[in-house]
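Number of protein chains: 2
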Amino acid sequence: MTSSSAAHPGPAAAPGPEAPSPVVRATRNAAVASLLGLIVLGLAWELVLAPTGSGMLALKVLPLTLPLAGLLKHRMYTYRWVSLLVWLYFTEGVVRAVGDRGLSAVLAGVEIALCLVLFAACAAHVRWRLREARARGPALQPHKALAVVRPADTAQVAEVLRLCRRHGASIVPQGGNTGLVGGSTPDDSGTQVVLSLARMNRVRAIDPANLTMTVEAGCVLQAAQEAAQAQGLLLPLSLAAEGSCTVGGNLATNAGGTQVLRYGSARDLCLGLEVVTADGEVWDGLAGLRKDNTGYDLRHLFIGSEGTLGVITAATLKLQPQPAAITTAWAAVPDLDAAVALLQRAQARLGAGLTGFEVMNDASLALVRRHFPALPKPLPPSPWAVLLEQSDTEGESHARTLFEDLLGAALEDGVISDAAVAENLEQSRAMWHLRESIPLAQAEEGPNVKHDISVPVSRIPAFVAATDAALSAAYPGVCLIDFGHLGDGNLHYNVQAPAGADGAAFLREHEKAINRQVYDAVRAHGGSISAEHGIGLLKRDVLPDYKSPVALALMARIKQALDPQGLLNPGRVLR
Amino acid sequence: MTSSSAAHPGPAAAPGPEAPSPVVRATRNAAVASLLGLIVLGLAWELVLAPTGSGMLALKVLPLTLPLAGLLKHRMYTYRWVSLLVWLYFTEGVVRAVGDRGLSAVLAGVEIALCLVLFAACAAHVRWRLREARARGPALQPHKALAVVRPADTAQVAEVLRLCRRHGASIVPQGGNTGLVGGSTPDDSGTQVVLSLARMNRVRAIDPANLTMTVEAGCVLQAAQEAAQAQGLLLPLSLAAEGSCTVGGNLATNAGGTQVLRYGSARDLCLGLEVVTADGEVWDGLAGLRKDNTGYDLRHLFIGSEGTLGVITAATLKLQPQPAAITTAWAAVPDLDAAVALLQRAQARLGAGLTGFEVMNDASLALVRRHFPALPKPLPPSPWAVLLEQSDTEGESHARTLFEDLLGAALEDGVISDAAVAENLEQSRAMWHLRESIPLAQAEEGPNVKHDISVPVSRIPAFVAATDAALSAAYPGVCLIDFGHLGDGNLHYNVQAPAGADGAAFLREHEKAINRQVYDAVRAHGGSISAEHGIGLLKRDVLPDYKSPVALALMARIKQALDPQGLLNPGRVLR
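In the order they appear, the protein sequences are chains A and B. 257 is the number of the first residue of the first sequence in the working numbering; add one for each residue after it. 257 is the number of the first residue of the second sequence in the working numbering; add one for each residue after it.
Since the hints were made in silico from the structure, they are not lab data. Treat the numbers as computed from the prediction; the structure is a model and nothing was measured. Keep in mind that a hint or two might mislead.
Residues from chain B that keep clear of chain A, each with C-beta distances beyond 10 angstroms, as calculated [to be verified]:
hint : residue
1    : Val362
2    : Val366
3    : Ala425
4    : Arg518
5    : Gly551
6    : Arg656
7    : Ala761
8    : Arg764
Stretches of chain A that chain B covers, calculated by requiring three or more beta carbons in the stretch to come under 8 angstroms of a beta carbon on chain B [stated by the list, open to error]:
hint : stretch
9    : 400-410
10   : 461-475
11   : 724-735
All C-beta atoms, glycine included, are put in the ideal place defined by N, C-alpha and C.
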C-alpha cells in the first residue's frame, strides 16, 4: 500500500463564499476609485497644486487610507462608516469652494464630486447587499453579537455558560461557520454571545488498537483527517468545506458528505461526546466504546441538535484502517432508473467496498462545460452520469478488476451505455473534480434556488420525474440542476432561472413558491426537506409544514427539559 | 452465489431457561408423588378398601387432580394454594384417625402422613425458589400483572396507553421476554399492565432498491431475517435468542450480538421508528431515509430506552445484499495482546469483510470439552482461541485465500501459534457451535456470576489481566470464564465457583462483592457495566455508582419530559 494510491481523490476544496454580483462589484470599484481619488487629490492639493502653506495639512488624508482594506474585502461595517466619514470632506470642499478662488475652488469642486460619488457608491453597495441577503433568506441576513468569547478549554466553556445563565444572555455556538442554514450566526439584536470553539482545536488522543481518536470541537475537519492519516488510519468524513469546518460543527449538524453510503453520517462515526449543558455542567461521555447500553443515548440527542441542547466541546470518533487503494469510475446511464439498478448491482458486487455513488444530470455537467471548459471529461455527454468510488483492502489492480467486471456486465445488460475506469490517481481526481465543480459552475451562472432533500433511494426516479415535469410546466425554460449522493437517496435539487432571465429577480419572485412545490413533492415521496444541511434559521419556519406534529411536540418538550431558559442557540430548529 | 454457502453458520439456537436446581427438582418430585399418593389413597379407600357406603365420596379426590399440571410446570402459585388445600385433607385424616377403627384408622394415618409430606414439599419448594431468585437479583423475582393486553395494531396500542394514562396504571411493554435484566416483566404489586406486542408481528414492507424493510415490533427476529433472505437480502442482526426475541425488544434494548463489528448494534440498523408516546399519541417516523437532518434524533432516544419513554410499535431496518460466501477460521493465540494484534491485522486486510471476531479463554473451552465432549475441536487447546468470520462478495475461494494469507502471515510473525480455516459450511457451523456452547456448558456446570461488560479494545488485555489476578487472589481456585466479542471490546466475563464448591452458596455469599470488584475494574479501564444487555431492574441500583451524575440527571429530565406521570416501565433504567 502506497500512501499516494490510498490518498482520497475527492472532494475538491471548499468553494469560497458566493461570487459577488455585478452591482456589488461595480459599487465597490466606484467606492475604491473615489476614495483613492480623494487621497491623491488631498496630497496633490496640499503639497503641490495649491498648498496652504503648512504641509502638515496633507495628514488630513490619513483617515481616508484606513478604510481601503475594508472596502476591498467587502466589509459592510466599513462601507457604513465611510458613508458618514465622507461628509467631513464634503463639508471641507463646500467651505473651500465658497471661500477660495481659482485653482483651489476648482479642486474643492472636484473634492465635492468625489465625496458624492463615494457616498453614493457606499450607500448603494450596502443597500444592494442587504437586498441580496433578504432574497437568500434569513440565514444570511446581517447579524450583530453582544460579544464573541473564545474559550481555551472545556472549563472555560462551562464558565461562559454559567455566566450567560446568570445574566440571561443567549449563546450561539460557532465552529468553522460554514453552515448553510444560519445555525451558527447571531441575530441582529446585539444581545447574543457568540461562543467560538476555534481555540479548542487539539487532537487529544489517537488509539490505533481501538481505532478511535478524541478531538476537540474546534479542530478543523481536515486537521483531524490528517492526524488520523499520520497514524495510517482513516477518518471517513469528507465534505467540500473540510478545510474550514470543525468537528464540533460537523457533529452539531450531523454532517454528511460523499462517503455516507459506506461509513454513515457524522453521527455514525461518533462513539462519545463531551458536552457542556445549559446549566454549565460538563458531561464527560468520551468513552471509546463500541457497545454501551447504560441508559438513554444522550450522544445521539446532542448530535444534530444544532447547538440548541448543549455545547459539544470534544468527541471520540471511529477510525478505519486506510484502504490499500481508492479508485473511481464514471458511467453513462440513460435515466435514473438505470442509475438505481447500477447502484443495486454495485452494492451486491462490491459490498462495503463501494464508498461513493454520485449522480449528475446532464444540465449539471453542461454548466461545468460552459464555465470550466478546460476540465477533462471522462465520457461524452449522456442524460445522466454516475461517479462510483471503490475503496479496496487488496490493492489497485484488484479494485480495477472488480470495477471492470461490474461495469462490463452492466454494459452488456444495457444498464449503462458507456463507462470509464480511472487508470490512476490523477484520473480519479479529475472525475471528482468534475462532480465537485457543479456548485462552483452554478455560482458562476448566477443565483439559484437550492434544495438539499432526501427520499428513499427506490423513489428517487419517480420524485425527479414528477418534480422536473411540474417545475418545467410552471416555469417554462427553467434549468433543473439535479445531482447528489444517490447511494444515500440525497439530491441537491437546484433550480436555476431560464437562460437569459435575471436570476436575482427570478429568485425574488419565485423562490418561495418553488420551495413549496419541491417540498410538497418530497413529502409525497416520503422524504426529508433537509437531508444533510440541517434546519437552522433558514428552514425553521417551513419545518412545521413537513414534520410530524407529534415529533415537533416531543422536540419542544426535550428542549424545555434541557434548556428551560431557552438560552442555547434560540430560534434555531424550533421557534 | 448459492444460498447454502451464504447461509450464516452461527449463532446456535437460544439456550432455554436455566435448568432447575436439585433442591427444586427434589421438592417438586416429593410434592407430585405425595399428591398422587393422596389421590390413589382416596380412590382406593372409598371404592375398595374401606368404603363408607357412598361411592360418591370418591369425588373428594377431584380437587387434588387440579394442581397436578401446575406442580409439574413449576407454577409458584399452584405450590402456594396446594399448601393451603392440603390442610382440608389433613383435618379429614385426623378426624377419621380419632373416630374410626381398624383399616380405616390406618388409612387415615397414611393420609395424615401424605398430607404432611405434601405440605413440606410445597413449602420447601416455594421457599427455595424465592431464595434462588433473590440470589439471582431482582430481575428474576416473582411478578404479577394487573392484566396482559395483546393489541393487534398501533391504534389499539395507543388506545391502551390512553386508558392506562386515564387510570394511572403503569405499563410494562413486552416482546419475546428474553431479556436478561428484568426489563420486560411486571413487578409483584399486581398493579402493572403487561403490554404484549406479540400479535403485532407482520412484515409490513420490503424495499429491495432502498435496502430496507418495515416490520412490526412483535415480529420475531428470525422471522424478519427469513423474510429478508427470501428477497436475497440480509438483515444483519444475529443473536442467540433470535428464535424468540422480537424486533421491538431488540430496538428497545439496542441488542448487540455477533456481527456488531461489521454492521453495528440494533440502533445502527434502524432508519425509522413508529412509537406510541405516554400520551397515547402515535409518532410515525418510519421513513426509510439514510439522511434526515430535520431536528432532534428521536429515533435514537427511544432505541435503548427499554420501554421507559414510549412503546415502539414498528421499525424500518437497513438491509444488506446477501454476501456470496461466509467463511470462518479458528486461531490459537498465546495471549490477549496477540488477539488484539490479530484483530488489527484482520481489520486492515479484510476491511468490512471481517464480520465476526470472538475470543475465548481456555477455561471457557475446557467447560465445553467437559460437558459436550463429542463436539469437534478445530485445534488443540491453547491459552486463548479466536473465531474469525468473513463475509465475502466474491465467493468462497476468494474468502479462503484471504484468510490463508492473513493467518499465514500472522503465523510467520508469531502473532498466532496455530490456525484452521473452515473447509465447508459444516466446519464453519461446528466452530460457531463451539463458541455458542460456552453459555450452555456454564449452565451445566452450575450457577455463576455473569457480567456483560465493555472497555476500549486496546484496554481489554490489561483489564482481563488485572481483574483475573484480583479475583483469583480474593477467591482462590475461582474459575474465570472469559469470552466474547473482542472486535466490539465486549466480554462476557463470568465467574464460576471453585471446583467442588457449592455454586449457589458461593453466589449467595460473594456475588455482590464480585460484581463490585469487576465493575470497579471496568470503570478503571474506561468501560461500561452493560455492553449489550441493558440496565432493566437488575443493574438499576448499581448504575449510579458507575455512570456520570450529569448524564443521569439529563436522563431523569428527559424521562420527566416524555413520561411525566411515570407510567412507562417504571423503575427500569432509572429509579
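The hints, checked one at a time:
1. Val362: Given a closest Cβ separation of 63 angstroms, the condition holds.
2. Val366: holds (57 angstroms)
3. Ala425: holds (22 angstroms)
4. Arg518: Answer for Arg518 of chain B: violated, closest chain A Cβ roughly 8 angstroms.
5. Gly551: Incorrect as stated: the minimum Cβ-Cβ distance to chain A is 5 angstroms, not above 10 angstroms.
6. Arg656: holds (14 angstroms)
7. Ala761: holds (30 angstroms)
8. Arg764: The claim stands: Arg764 of chain B keeps its Cβ more than 10 angstroms from every Cβ of chain A (closest is about 26 angstroms).
9. 400-410: Answer violated; 0 residues pass the 8 angstroms Cβ test.
10. 461-475: holds (count 6)
11. 724-735: violated (count 0)
In summary, the structure is inconsistent with hints 4, 5, 9, 11 from the numbered list given earlier, while agreeing with the others.
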